[in-house]
Amino acid sequence: MNYGSSFIIRLTTIRSAPNIDAGECAYETNAGSARLTAHKTQKRAKAEPLFRVVTANMVQLRADENSMTAHGIRTAAVAGAGTMGAGIAITIARGGFKTILYDNAQAALDRAKPLIEAFFSKSVERGKLSRERSAEIIANLSFTSDITRLGNCDFVVEAIFEDIPMKCGLYAQLEKVCPPHTVFASNASTLSITQLAAGCGRPDRFVGMHYCLPAQVMKLIEMSRGIYTSEQTWDIAWQFALATGQHPVETRDTPGFILNYFCVPYHNDVIRIIEAGVAAPADIDRAMKRAFDFAMGPCELLDMIGLDTHLRGTEAFFAITNNPRLAPPPLLRRMVAAGLLGRKTKRGFYEYESAAMFGG
Amino acid sequence: MNKYMVIDTGASRSFEGGHEFLRGASSEGEIAVYIGKGAGRKYVADPSKIVIILELDGECLGVHTGEEPGLGESNVVGFNRFRLGESPATNLIELVTQTNTSKSAAEAARALFEGAGFDVAVCKDFVGRIVNRLIRPMFNDALRALDEGVATAKDLDLTVKLGLGYRKGFIDPLYKSGLHHHYDVTSALFEVYGQAGYAPTRRGVVAKQRSLKA
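Line by line, the protein sequences give chains S and X. If you're matching positions, the first sequence starts at 2 in my numbering and goes up one per residue. If you're matching positions, the second sequence starts at 32 in my numbering and goes up one per residue.
Calculated directly from the structure, the hints in this document are not laboratory data. Careful, some of the hints might be misleading.
[Said to hold, decoys possible] Below 30 angstroms or equal to it, Euclidean Cα-Cα: the simulated DSSO-like pairs (lysine-lysine) are:
#  : chain 1 : residue 1 : chain 2 : residue 2
1  : S       : 220       : X       : 34
2  : X       : 199       : S       : 129
3  : X       : 68        : X       : 239
4  : X       : 185       : X       : 207
5  : X       : 192       : X       : 207
6  : S       : 290       : X       : 68
7  : X       : 239       : X       : 207
8  : X       : 192       : S       : 347
9  : S       : 177       : S       : 290
10 : S       : 123       : S       : 290
11 : S       : 290       : X       : 244
12 : X       : 192       : S       : 129
13 : X       : 185       : S       : 220
14 : X       : 73        : S       : 345
15 : X       : 134       : X       : 192
16 : S       : 290       : X       : 239
17 : X       : 68        : X       : 185
18 : X       : 192       : S       : 123
19 : X       : 155       : S       : 220
20 : S       : 290       : X       : 207
21 : S       : 347       : X       : 155
22 : X       : 155       : S       : 290
Model the full assembly from the supplied sequences, consistent with the hints where possible.
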């Protein structure tokens with residue numbers, strides 16, 4: 002397929018094509034840039050065959066280039082050594098894959114490495130992992146700030162900030178160093194997978210894999226296809242998720258997927274009622290946990306996510322949806338400006354003695 | 032624990048079917064707890080009490096005590112034991128204070144409920160308090176997501192259970208507890224705050240209309 006030519010494909014919602022079952026879509030692409038707009042429509046049956054034809058053709062076109070199977074992954078990388086990236090690296094390494102944690106900032110790696118090692122030590126202490134197995138996993142895990150070290154990776158999970166230019170800049174670098182068969186997955190939590198795929202150079206070998214915090218504990222992965230994600234890529238990613246012991250759930254490529262569709266506005270509501278003096282963080286957490294048997298209170302979860310991460314997420318989400326509940330609350334901006342980012346800085350809504358990773 | 036007396040003013044949503052807390056009350060005490068639908072209307076101001084505790088429904092405590100500027104220190108607090116629609120009451124007590132509530136009254140109320148084994152969350156006197164203020168927009172989002180086909184009810188609940196540790200999900204408890212109750216709460220919140228997140232959903236309206244038909 003010539004991605005340089007300008008063309009428009011009209012697509013319509015259908016349950017059997019879960020990557021676009023939201024409504025009528027006009028997808029325009031020109032020289033690698035893409036724009037997606039969705040409109041509600043009742044014309045479901047009419048466009049369904051068109052979409053299938055396009056998808057089938059793409060799979061056919063890519064079949065020769067892509068010889069990797071779902072079982073062919075040996076080495077996987079995680080790009081981004083923040084809280085989420087480190088947690089994802091744990092799940093992949095625990096699944097028995099050679100795992101590389103990459104970050105262009107050496108400081109992020111220096112912070113992640115002892116936290117990951119401490120996590121596995123804790124797993125041994127708690128009897129969840131044998132000492133030998135822990136040693137094997139750690140031996141299979143490497144850390145690098147040199148992106149060329151990702152040249153032998155079969156699968157790369159990107160877990161950097163919710164910023165399209167930043168993510169696309171990373172994909173451009175990965176595109177240069179990774180072989181053609183490598184599947185790119187994004188841990189994007191609010192951004193469109195199709196939009197990110199359009200800027201990655203290999204839109205058919207791109208999927209959304211949104212892990213939940215803390216990734217090393219929570220089993221769920223919200224998986225989303227972009228419009229051009231091939232069936233083969235989807236199967237590889239799905240099998241990979243299962244092989245790492247996670248529980249994939251297919252979600253639509255809509256802002257926030259399912260979890261952040263609920264969580265981001267909820268967390269903003271929480272911050273606003275704190276700002277309004279309705280209740281203190283500890284009282285809010287206690288109330289929500291006791292009323293609904295939630296595992297964590299919202300302020301505890303925000304501290305774990307990182308308030309800076311939440312701010313970036315809600316800014317990105319607001320820009321896409323214009324939903325006033327997604328506009329960053331002033332208190333959030335003040336806390337981030339003051340360095341009160343949560344566990345990672347040992348102070349957010351609560352104070353912490355260490356920045357150790359949760360679980361083990 | 033201070034001795035407390037309970038004044039029953041009618042059907043109580045917090046203590047439907049009785050509770051050990053009611054059985055532990057005395058005929059008189061330094062603390063007066065008014066329970067039931069008429070708690071706010073029937074309470075009698077008494078400065079000699081350490082604290083007077085009024086059961087609230089959806090209303091603000093200020094409806095019963097006033098909140099005009101210049102009021103002196105108050106020994107009255109409000110409370111509500113959270114329950115979702117027709118589900119059994121939870122162990123959570125939302126304890127409501129006003130800006131002029133004395134610290135000693137609030138602390139005594141908290142100690143009383145905690146001593147009786149409840150979990151207490153203190154909040155200011157706002158409609159929806161903590162839980163309804165936060166959970167109702169999420170429930171509305173879930174109902175809209177269901178209407179828009181984002182996922183099936185089962186998958187929505189499974190995702191929030193696995194991904195967020197919300198052990199009960201959203202859709203299942205809403206329907207089991209009576210969706211028309213959710214409509215009532217969101218209507219009240221929307222009237223006060225006027226924010227779209229509280230606006231009753233199509234599914235809520237349908238459930239309410241069906242409940243009126245029955």
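CA of residue 73 (chain X) to CA of residue 345 (chain S), is that 30 angstroms or under?
This hinted pair is violated, its Cα atoms lying about 51 angstroms apart.
30 angstroms limit on alpha-carbon distance, applied to hinted pair residue 347 (chain S) and residue 155 (chain X)
holds, 28 angstroms
For residue 192 (chain X) and residue 347 (chain S), compute the direct alpha-carbon distance and say whether it is at most 30 angstroms.
holds, 28 angstroms
Tell me if the straight-line CA distance from residue 185 (chain X) to residue 220 (chain S) falls inside 30 angstroms.
holds, 17 angstroms
Take a quick look at whether residue 192 (chain X) and residue 207 (chain X) sit within 30 angstroms of each other, Cα to Cα.
holds, 17 angstroms
Tell me if the straight-line CA distance from residue 290 (chain S) to residue 68 (chain X) falls inside 30 angstroms.
Given that 30 angstroms is the threshold and the Cα spacing comes to 27 angstroms, the pair holds.
Checking one constraint from the list: CA of residue 290 (chain S) to CA of residue 239 (chain X), max 30 angstroms. Satisfied?
With a Cα-Cα distance of about 28 angstroms, the restraint between residue 290 (chain S) and residue 239 (chain X) holds, given a limit of 30 angstroms.
Next pair to validate is residue 185 (chain X) with residue 207 (chain X); report whether the Cα-Cα distance is within 30 angstroms.
holds, 14 angstroms
Residue 290 (chain S) paired with residue 244 (chain X) [C-alpha distance capped at 30 angstroms]:
violated, 35 angstroms
Holds or violated: residue 68 (chain X) with residue 239 (chain X), Cα cutoff 30 angstroms?
holds, 22 angstroms
Assess, step by step, whether the Cα of residue 220 (chain S) is no farther than 30 angstroms from the Cα of residue 34 (chain X), and give holds or violated.
violated, 49 angstroms
30 angstroms limit on alpha-carbon distance, applied to hinted pair residue 177 (chain S) and residue 290 (chain S):
violated, 47 angstroms
Hints 1, 9, 11, 14, 15, 17, 19, counting from the list given before, are not met by this structure.
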